[in-house]
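Novice: Here is how the chains run, residue by residue.
2 protein chains.
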Amino acid sequence: MIGAESRPAALGILAGGGPLPGRVAAAAAAAGRPVFLVGLEGFAERSVLAPFPHGFVRLGAAGRILAMLRENGCRDLVLVGPVKRPSILDLRPDVEGARILARIGRAAFAGDDGLLAAVVRVLAEEGFSVLGAHEILTEAVAPGGLLGTIAPDAQAMSDIARGVAVVRALGAADVGQACVVQQGIVLALEAIEGTDAMLARAGLLARQGSGGVLVKLVKPGQDRRADLPTIGPNTVAAAAAAKLSGIAFEAGGTLLTDRDGLVRAGDAAGLFLLGIDPSKYA
Amino acid sequence: MIGAESRPAALGILAGGGPLPGRVAAAAAAAGRPVFLVGLEGFAERSVLAPFPHGFVRLGAAGRILAMLRENGCRDLVLVGPVKRPSILDLRPDVEGARILARIGRAAFAGDDGLLAAVVRVLAEEGFSVLGAHEILTEAVAPGGLLGTIAPDAQAMSDIARGVAVVRALGAADVGQACVVQQGIVLALEAIEGTDAMLARAGLLARQGSGGVLVKLVKPGQDRRADLPTIGPNTVAAAAAAKLSGIAFEAGGTLLTDRDGLVRAGDAAGLFLLGIDPSKYA
Numbered sequence: 112m113i114g115a116e117s118r119p120a121a122l123g124i125l126a127g128g129g130p131l132p133g134r135v136a137a138a139a140a141a142a143g144r145p146v147f148l149v150g151l152e153g154f155a156e157r158s159v160l161a162p163f164p165h166g167f168v169r170l171g172a173a174g175r176i177l178a179m180l181r182e183n184g185c186r187d188l189v190l191v192g193p194v195k196r197p198s199i200l201d202l203r204p205d206v207e208g209a210r211i212l213a214r215i216g217r218a219a220f221a222g223d224d225g226l227l228a229a230v231v232r233v234l235a236e237e238g239f240s241v242l243g244a245h246e247i248l249t250e251a252v253a254p255g256g257l258l259g260t261i262a263p264d265a266q267a268m269s270d271i272a273r274g275v276a277v278v279r280a281l282g283a284a285d286v287g288q289a290c291v292v293q294q295g296i297v298l299a300l301e302a303i304e305g306t307d308a309m310l311a312r313a314g315l316l317a318r319q320g321s322g323g324v325l326v327k328l329v330k331p332g333q334d335r336r337a338d339l340p341t342i343g344p345n346t347v348a349a350a351a352a353a354k355l356s357g358i359a360f361e362a363g364g365t366l367l368t369d370r371d372g373l374v375r376a377g378d379a380a381g382l383f384l385l386g387i388d389p390s391k392y393a
Numbered sequence: 112m113i114g115a116e117s118r119p120a121a122l123g124i125l126a127g128g129g130p131l132p133g134r135v136a137a138a139a140a141a142a143g144r145p146v147f148l149v150g151l152e153g154f155a156e157r158s159v160l161a162p163f164p165h166g167f168v169r170l171g172a173a174g175r176i177l178a179m180l181r182e183n184g185c186r187d188l189v190l191v192g193p194v195k196r197p198s199i200l201d202l203r204p205d206v207e208g209a210r211i212l213a214r215i216g217r218a219a220f221a222g223d224d225g226l227l228a229a230v231v232r233v234l235a236e237e238g239f240s241v242l243g244a245h246e247i248l249t250e251a252v253a254p255g256g257l258l259g260t261i262a263p264d265a266q267a268m269s270d271i272a273r274g275v276a277v278v279r280a281l282g283a284a285d286v287g288q289a290c291v292v293q294q295g296i297v298l299a300l301e302a303i304e305g306t307d308a309m310l311a312r313a314g315l316l317a318r319q320g321s322g323g324v325l326v327k328l329v330k331p332g333q334d335r336r337a338d339l340p341t342i343g344p345n346t347v348a349a350a351a352a353a354k355l356s357g358i359a360f361e362a363g364g365t366l367l368t369d370r371d372g373l374v375r376a377g378d379a380a381g382l383f384l385l386g387i388d389p390s391k392y393a
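Top line first, the protein sequences correspond to chains E and L.
Under my numbering, read the first sequence as residues 112 to 393, first letter to last.
Under my numbering, read the second sequence as residues 112 to 393, first letter to last.
Hints are not guaranteed to be accurate.
Put simply, identical chains are the same to the list, so a pair is met inside one copy or across any two.
Claimed, not checked - Distance condition first, Cα-Cα at most 25 Å in a straight line; then the derived DMTMM-like pairs of lysine to aspartate or glutamate:
{"no.": "1", "residue 1": "Lys-391", "residue 2": "Glu-304"}
{"no.": "2", "residue 1": "Lys-354", "residue 2": "Glu-250"}
{"no.": "3", "residue 1": "Lys-195", "residue 2": "Glu-237"}
{"no.": "4", "residue 1": "Lys-354", "residue 2": "Asp-201"}
{"no.": "5", "residue 1": "Lys-195", "residue 2": "Glu-304"}
{"no.": "6", "residue 1": "Lys-195", "residue 2": "Asp-205"}
These aren't lab readings, by the way, just hints derived from the structure by calculation.
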């Protein structure tokens, strides 16, 4: 145990899709901390995990996931990267998975927050300490105010206020994190289709005149240790294709997958990127 | 004025899309009441209005609409059939339209209810009495309980309860009237794309196993004199294509465009059709 004390315990990373699992691993490794990534099959990208010690397990094989984390000395755990919730039929739980599913209970098939809170609770009961990706990846947390050089006009500020009210109402029902508002009209609401699909739809529904805004927030009461809203250059590309005027995101509650690329993309497309504090909105 | 008393004043029908304006006109005519329909250009269907005295006017020409209603002896007025809200650029108001728009003010470009309430208020100030389509078309108002022979199972009942909570939260923010829930997961939320487009999307997002439900309700506090939710055989076709198990709608607050056709389509597709009282849900 002297060895264990002289070297920090490994950081376990339960990896969904996108680049963030690799970013978290790199930040931890840069700080001198060993890491081990468990890639969720069908979600985690091999190229993202490849540079680090890792394995792949399907989501339903909870027994295998916990064993792999323990075998690799992980006690702290980060859940990062999008995972589409499986149906009970897709899940095919292993023995441990079935036991855990029973402990999660109905929450597994209710709202998102209910599920994530239940997963975090079960992981804690199994002896793991769940950290937020934003606690490791501090430089990727969105700041308040403008990123880049484009500022919203009065119509956009009014649309942002409406979007904040709508997304908060959605979040109170534990569904969705985002909407698109143009000229006071809610063009699209996000459920499970994801932000990019919602933006594509909003582009088809857009009307003439001043472009709409994407508002993306943390759900009220959401456990920030899982599934923080994420934006990156691809979000800007989708927003520009939908002829939006900009993106408002929650300062301190949004992960930027590539801050420099995001700012470059926003400036090049003429889109504002505004970090807001939703509690400041009526 | 003796003549006016011996014969009821004409019922004015401000007609948007779909078959309901014709249904309202036929019901009033069958009750011995003269009717005059003002078809909104780009929304009202010529074949629906053709059997009745009517004219066509574009939405922005409010002066022309009011004059046409007065010329044809209308004092009671029904607003029926979907109208997509135009942008300020599409609207091109006439002189009277600009005056009315100023009286409607910001509500014209805020939430739906705000706009409709303002339109009803302005019409009242102009001397018209606005009735709900459901007051004329009483046999088209959805009853409580099952239509047809298919009943929801326990999963569907649970999904309906979740959908009611979600649609009510949306409605409180004055947006949307419908959502699709499958196995506790909200697959899709309706904004301005319309129910059929939302159902098409939900079909692409559906998971294996027990099919989802469409929940469509009146918004809390909505003025029922305008824009009641509507379902018909085409809704059943879209729901069946999305592999749903059924449709829950608000009893007393939904217009059925073709009740017999709806029931036949539901039974043929194996979909339940359930009229609910949302106030009975927690």
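Novice: Run every hint past the structure and note whether it holds.
Specialist: Okay, the hints, checked on the actual structure:
1. Lys-391 to Glu-304: Cα proximity of Lys-391 and Glu-304: none, with 29 Å in one copy and 30 Å across.
2. Lys-354 to Glu-250: neither (29 Å within a copy, 44 Å between copies)
3. Lys-195 to Glu-237: within (23 Å within a copy, 53 Å between copies)
4. Lys-354 to Asp-201: between (37 Å within a copy, 17 Å between copies)
5. Lys-195 to Glu-304: both (9 Å within a copy, 24 Å between copies)
6. Lys-195 to Asp-205: Within one copy, since 19 Å is at most 25 Å while 50 Å is not.
Consistency with the previously given hints fails for numbers 1, 2, ordered from lowest to highest.
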